[in-house]
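**Student:** Protein chains in written order, with our numbering: chain A, 1 to 248; chain B, 249 to 496.
No lab work stands behind these hints, which were simulated from the structure alone.
Hints may contain errors.
[As the list claims (entries may be wrong)] Restraint ranges, calculated between C-beta atoms of paired labels, are given here: (1) A:66 to B:386: 41 to 49 Å; (2) B:333 to A:160: 30 to 38 Å; (3) B:285 to A:142: 39 to 47 Å; (4) A:13 to B:423: 25 to 33 Å; (5) B:354 to A:227: 56 to 64 Å; (6) B:419 to A:69: 29 to 37 Å; (7) A:46 to B:469: 53 to 61 Å; (8) A:24 to B:428: 29 to 37 Å; (9) B:329 to A:170: 37 to 45 Å; (10) A:46 to B:418: 49 to 57 Å; (11) B:365 to A:246: 35 to 43 Å.
For clarity, every value in this text was computed on a predicted model and none was experimentally measured.
Glycine included, every Cβ here is placed at the ideal spot set by N, Cα and C.
2 protein chains.
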Amino acid sequence: MRYRATLAYDGTGYHGFQRQANAAPTVQQTLEEALHAISGQTIRVIGAGRTDAGVHATGQVVAFDLDWRHTPLDLRNALNASLPDDMAVRDVQGARPDFHPRYDALSRTYVYRLYVAPVRDPFLRFRAWHLTSPLDIRTIRQAAASLVGTHDFSTFGTPPQGDNPVRTVYEARWEAQPGEQHLFSITANAFLYRMVRSVVGALVTVGQGRMTVEEFVGILAARQRSLAGLLAPPCGLTLVAVQYSDDG
Amino acid sequence: MRYRATLAYDGTGYHGFQRQANAAPTVQQTLEEALHAISGQTIRVIGAGRTDAGVHATGQVVAFDLDWRHTPLDLRNALNASLPDDMAVRDVQGARPDFHPRYDALSRTYVYRLYVAPVRDPFLRFRAWHLTSPLDIRTIRQAAASLVGTHDFSTFGTPPQGDNPVRTVYEARWEAQPGEQHLFSITANAFLYRMVRSVVGALVTVGQGRMTVEEFVGILAARQRSLAGLLAPPCGLTLVAVQYSDDG
Chain A
1 MRYRATLAYD GTGYHGFQRQ ANAAPTVQQT LEEALHAISG QTIRVIGAGR
51 TDAGVHATGQ VVAFDLDWRH TPLDLRNALN ASLPDDMAVR DVQGARPDFH
101 PRYDALSRTY VYRLYVAPVR DPFLRFRAWH LTSPLDIRTI RQAAASLVGT
151 HDFSTFGTPP QGDNPVRTVY EARWEAQPGE QHLFSITANA FLYRMVRSVV
201 GALVTVGQGR MTVEEFVGIL AARQRSLAGL LAPPCGLTLV AVQYSDDG
Chain B
249 MRYRATLAYD GTGYHGFQRQ ANAAPTVQQT LEEALHAISG QTIRVIGAGR
299 TDAGVHATGQ VVAFDLDWRH TPLDLRNALN ASLPDDMAVR DVQGARPDFH
349 PRYDALSRTY VYRLYVAPVR DPFLRFRAWH LTSPLDIRTI RQAAASLVGT
399 HDFSTFGTPP QGDNPVRTVY EARWEAQPGE QHLFSITANA FLYRMVRSVV
449 GALVTVGQGR MTVEEFVGIL AARQRSLAGL LAPPCGLTLV AVQYSDDG
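Given the sequences, and given the hints that come with them, work out the whole structure.
**Tutor:** Okay, structure coming up:
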């Protein structure tokens, strides 16, 4: 029986989602170990997004095959009792036998969090990028608008081997909240490796007046990875949702 | 020259505020080491509140004597460059030579954070108490109202040796926020050891229907530590402000 689960995790303590050859703990491996602990079965988990080391999730979607005699709710509770407290299964449901969280996904939404303040906030040290110089939201929003649509995003990331670098961005929204917190949310059919962090780095460069909107549009059009500049740190990034055709 | 500083810290990695004889890192010791690192001087720091292990602060107030040839702003920046990133000095200013952050404080405000959800939130694991059964805000607020005023709080905490257990609570407010987050804020002239966590434990017991408001009022009046029951975990507690007569 195939199951689909929605996962939240604080990525601080993990070397990314994907299982690695060396001993470094990853999200996938930790979830597979919890599945083994509750069932005795050796389970392979597939995830929708291969989040990097230090990147978080509130809506990662995973799939796995498991023999389980109880309800999906029991499975959720058993997993949460077995997982470390920096991970949690928010929801488990039965899925089609051929459901694949990565291939079936229509789009993914990431949120990048940052804040501007003269002094760092100790409570955000693993959760947001701390900036000290002010941001011009107006120019950031102009630059962000140029991301929407279908583009070759080679400047901002690298595709998996053999894949092409064209992606479609459905939405790119920069919001400033009280207390100088900023949230950048971006939805695309898929993302290149490091694409969100690279886009945020360039948008911040625009917001600090060190790159014009025209230059931003220019580096996107140039399709050259070397032009991207600043890479935003992983701690600010969260995979918040993955959309499928059967979502509502 | 005496300085007064406002301090924020994530208490997760510290064995409380106060310097201890053994090697466990404390907030006081860490700040004293940063002061030594930037000045070469051996400095003794006094804090307004002796927060417990795992308890946080956004508005702890400390005082220390230091020979410093630059501005208070330079001092703030130098300290923040030297402190670990789970601590931050929000503000430094010159103070009266006899300023004492504990004796001169008129009152302190603590906030306790908890949330009700079937599944834990990995991002709140060091920041809030996770409860799974619902709370009746109405009865909690009735019970909380009985705390306001001058009472012998022996049921809810222990005074320092030789001190009396009478304290004056100026405000005790329980707020429920969207997403079943609850914030309990309490302001008093001073607090007994473990008083806020003990009060929160009893209020939750009321909110879960396992103690009536009358029983809550009764155990407060009984002045017996053994009656307090549940002690809320330290991770939910934050010292948010200390009030002085010269605050605006």
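**Student:** Kindly indicate which numbered hints from before are broken by the structure, ordering the numbers from low to high.
**Tutor:** 6, 11
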